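Enquirer: Can you make the complete structure from the sequences, with help from the hints?
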Amino acid sequence: MNASVAALAVQNVSVDLGGRSVLTGTDLTVDRGELVGLIGPNGAGKTTLLRTVLGLLAPSAGRVLVEGRPSRPGRAPIGYVPQRHEFAWDFPISVADAVMTGLTGALGPFRRPGAAQWEAVADALERVRMTSLADRPVGQLSGGQRQRVLVARALAAQPAVLLLDEPFTGLDMPTQELLTVLFADLAREGRAVLMTTHDLLSALDGCDRIALLNRTVIATGTPTELAADPALWMATFGVGPDSALLRILKAA
Amino acid sequence: MNPIDFLTDLLNPDLAFLPKALAVAVMSSIVCGVVGTFVVLRGMAFIGDAVAHAVFPGLAVAFVVGGNLVLGGTIAGVLTAVLVAVFSQNRRLKEDSIIGVFFVAAFALGIVIISQAPGYAGSLQQFLFGSITGIPDSDLYVVAGTGVVVLAVVFLLSKEFVTISLDRESARAMGVPVFRLDLVLYILVTLAVVISVQTIGNILVLALLITPAATARLLTDRLGIMMMLAPVIGGVSALVGLYVSWSWDFPTGGTIVLVLTAAFLTAWFLAPRQGLLAKHRGRNRIRTSEIRATATTALIEPDPDLQPLKAGA
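If you're matching them up, the sequences are chains D and L in order.
Residue numbers 1 to 252, in the numbering used here, belong to the letters of the first sequence in order.
Residue numbers 1001 to 1313, in the numbering used here, belong to the letters of the second sequence in order.
Mixed in with the good hints there might be a few duds.
Unchecked claim - Label-pair distances were calculated between CB atoms; the ranges are:
id : chain 1 : residue 1 : chain 2 : residue 2 : range
1  : D       : G238      : L       : D1096     : 33 to 41 angstroms
2  : D       : G108      : L       : L1265     : 36 to 44 angstroms
3  : L       : R1222     : D       : T131      : 37 to 45 angstroms
4  : L       : G1122     : D       : G108      : 30 to 38 angstroms
5  : L       : V1236     : D       : F110      : 29 to 37 angstroms
6  : D       : G108      : L       : P1118     : 35 to 43 angstroms
7  : L       : S1097     : D       : P113      : 56 to 64 angstroms
8  : D       : T131      : L       : I1225     : 18 to 26 angstroms
9  : D       : S243      : L       : R1222     : 47 to 55 angstroms
10 : D       : G33       : L       : R1222     : 33 to 41 angstroms
11 : L       : R1222     : D       : G108      : 38 to 46 angstroms
Unchecked claim - Looking from chain L toward chain D, a few residues come up when the C-beta cut is under 7 angstroms (computed):
id : residue
12 : L1041
13 : A1045
14 : R1172
15 : M1174
16 : M1226
I should point out that these hints are in silico values taken from the structure, not numbers from a laboratory.
Keep in mind it's a predicted model, so treat the numbers as computed, not measured.
Backbone N, C-alpha and C define an ideal beta-carbon position, used for all residues, glycine too.
Expert: What follows is the structure, encoded as structure tokens:
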């Protein structure tokens, strides 16, 4: 590991989808040990940015470097945690087996999981404190437990970068707090963690840095720095000075 | 007719077509049960139906020119699957509309082609509703060989199929070739359908693919068990269906499907956890749980739905 190279570097990235420009000149770096919140309105390009980082979309300009190398699906050490509704929770599979599918890409075709893989799954489950539910069918889990399973699946391959897409959606505040603590811990252990969220309070409370996104990264900074500058939020969300959003910002 | 007479008929050299039909029906049920597990879990029943119809022109061409039915059906099925995949790239139409266009077109083409053959009405009925007579010996080997290949591919790629069934985007992000695996799955469905069409018929083959797997899903929350149960349910139903149809002179395909449906309904009502009876019993269980716990601790598995969720979230 080269300490001078950021775990994730998005450099001047532009992305077009269906002939329409979605992101332009986007810059963002996330270092190991950092939990960064990506905040912006619907349609700002948050999901597009995540998909570009994963290498699923090719930027029309700029580049994405993971540990100094261009991002490619299956090659870059990235763990992806999709929104909970993306996962087929009615599938008849246990928690441990679901987490094992996080190693499918690393194992490659025709190979069966061995002792090393099951150990990695056990470690990942331990990390999100789901060990006691390892044998339970995924369909019987609560929303917070489901989010933990998806995080464990992403952790199984021991990625340097963890991407979380809207992990708090539909969860109550105590569950959000527990997850925020978990994400911060995962960052402290030496991973670069980037999460998109609509939940301003959780983001301001738990993230080390926040990036405001609307077609490009408008500003990055610590929660305290950004909360002190309402103009940035008005630009990002396109709201006026009397918006409830700004009152939440002041309260936080 | 009692089962002994059925056994006697099976061994009667004058009725040589009967054991052949039984072997083909049971083998194809087993293959359909395993492949059907993924069809059911991915909500692909409509695609299964489409493939079943799409193989028809291939069967018709093979029939008219006297070629191999399995080969003809496979080519037509795969061709239609590829056409659907290609035309689905147009985002203005959803995939199910494309499938709707192509599978009916394929079926229509099959009807036109088969009308060119002499004795058209009879052979059409045979294709649509199945027949247990006239299975050549070579088909036994083709069905067995194809079945083994299909099962081997499912076994070798089950890890990948599970991964893309759970969550396609994460699978793509891991570098798993989702589109190619989809095509492989379509081809496996096509092969399972083609080897089954002869005995059970083009219209009814969907039941062989869906019903055993759906029945198995009602009975278990474990994929491994489901993939064992579905072929067993399919195979036993094929045996019972053939026996019933032979005894009472019912059409074979229809009888097998009705036996499968009976198995499905039985599971619906009697499944240990999700069944109606189990749900009813669940309400009384709390009262009797203490007595049972002391008497038969080892026999009763606690119902997780009734357990308080453990701490951790």
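Enquirer: Hint by hint, note whether the structure agrees.
Expert: Status of each hint after checking the structure:
As the Cβ distance of G238(D) to D1096(L) is approximately 37 angstroms, the hint placing it in 33 to 41 angstroms holds. For G108(D) and L1265(L), the Cβ-Cβ distance of about 43 angstroms falls inside the hinted range of 36 to 44 angstroms, so the restraint holds. At roughly 19 angstroms, the beta-carbon separation of R1222(L) and T131(D) lies outside the given 37 to 45 angstroms, and the hint is violated. Remark: the range hint 30 to 38 angstroms for G1122(L) to G108(D) is contradicted by a beta-carbon distance near 51 angstroms.
As the Cβ distance of V1236(L) to F110(D) is approximately 32 angstroms, the hint placing it in 29 to 37 angstroms holds. Roughly 53 angstroms separates the CB atoms of G108(D) and P1118(L), a value that falls outside the hinted 35 to 43 angstroms. Hint check: S1097(L) to P113(D), Cβ distance near 40 angstroms, so the stated range 56 to 64 angstroms is violated. As the Cβ distance of T131(D) to I1225(L) is approximately 23 angstroms, the hint placing it in 18 to 26 angstroms holds.
A C-beta distance of roughly 51 angstroms is found between S243(D) and R1222(L), which places it inside the suggested range of 47 to 55 angstroms. Separated by about 40 angstroms at the C-beta atoms, G33(D) and R1222(L) satisfy the suggested range of 33 to 41 angstroms. Evaluation of the 38 to 46 angstroms hint for R1222(L) and G108(D) yields a failure: the beta carbon distance comes to about 25 angstroms. For L1041(L), the interface hint holds, since its Cβ comes within 7 angstroms of a Cβ in chain D; the closest pair sits about 6 angstroms apart.
The closest approach between the C-beta of A1045(L) and any C-beta of chain D is roughly 15 angstroms, which is over the 7 angstroms cut-off, so the hint fails. Satisfaction of the interface hint for R1172(L) is found here, the shortest Cβ-Cβ separation to chain D being roughly 6 angstroms, below the 7 angstroms cut-off. Taking 7 angstroms as the C-beta cut-off, the interface hint given for M1174(L) holds, the closest approach to chain D being about 3 angstroms. Given the 7 angstroms rule on beta carbons, the hint for M1226(L) holds: about 6 angstroms separates it from the nearest Cβ of chain D.
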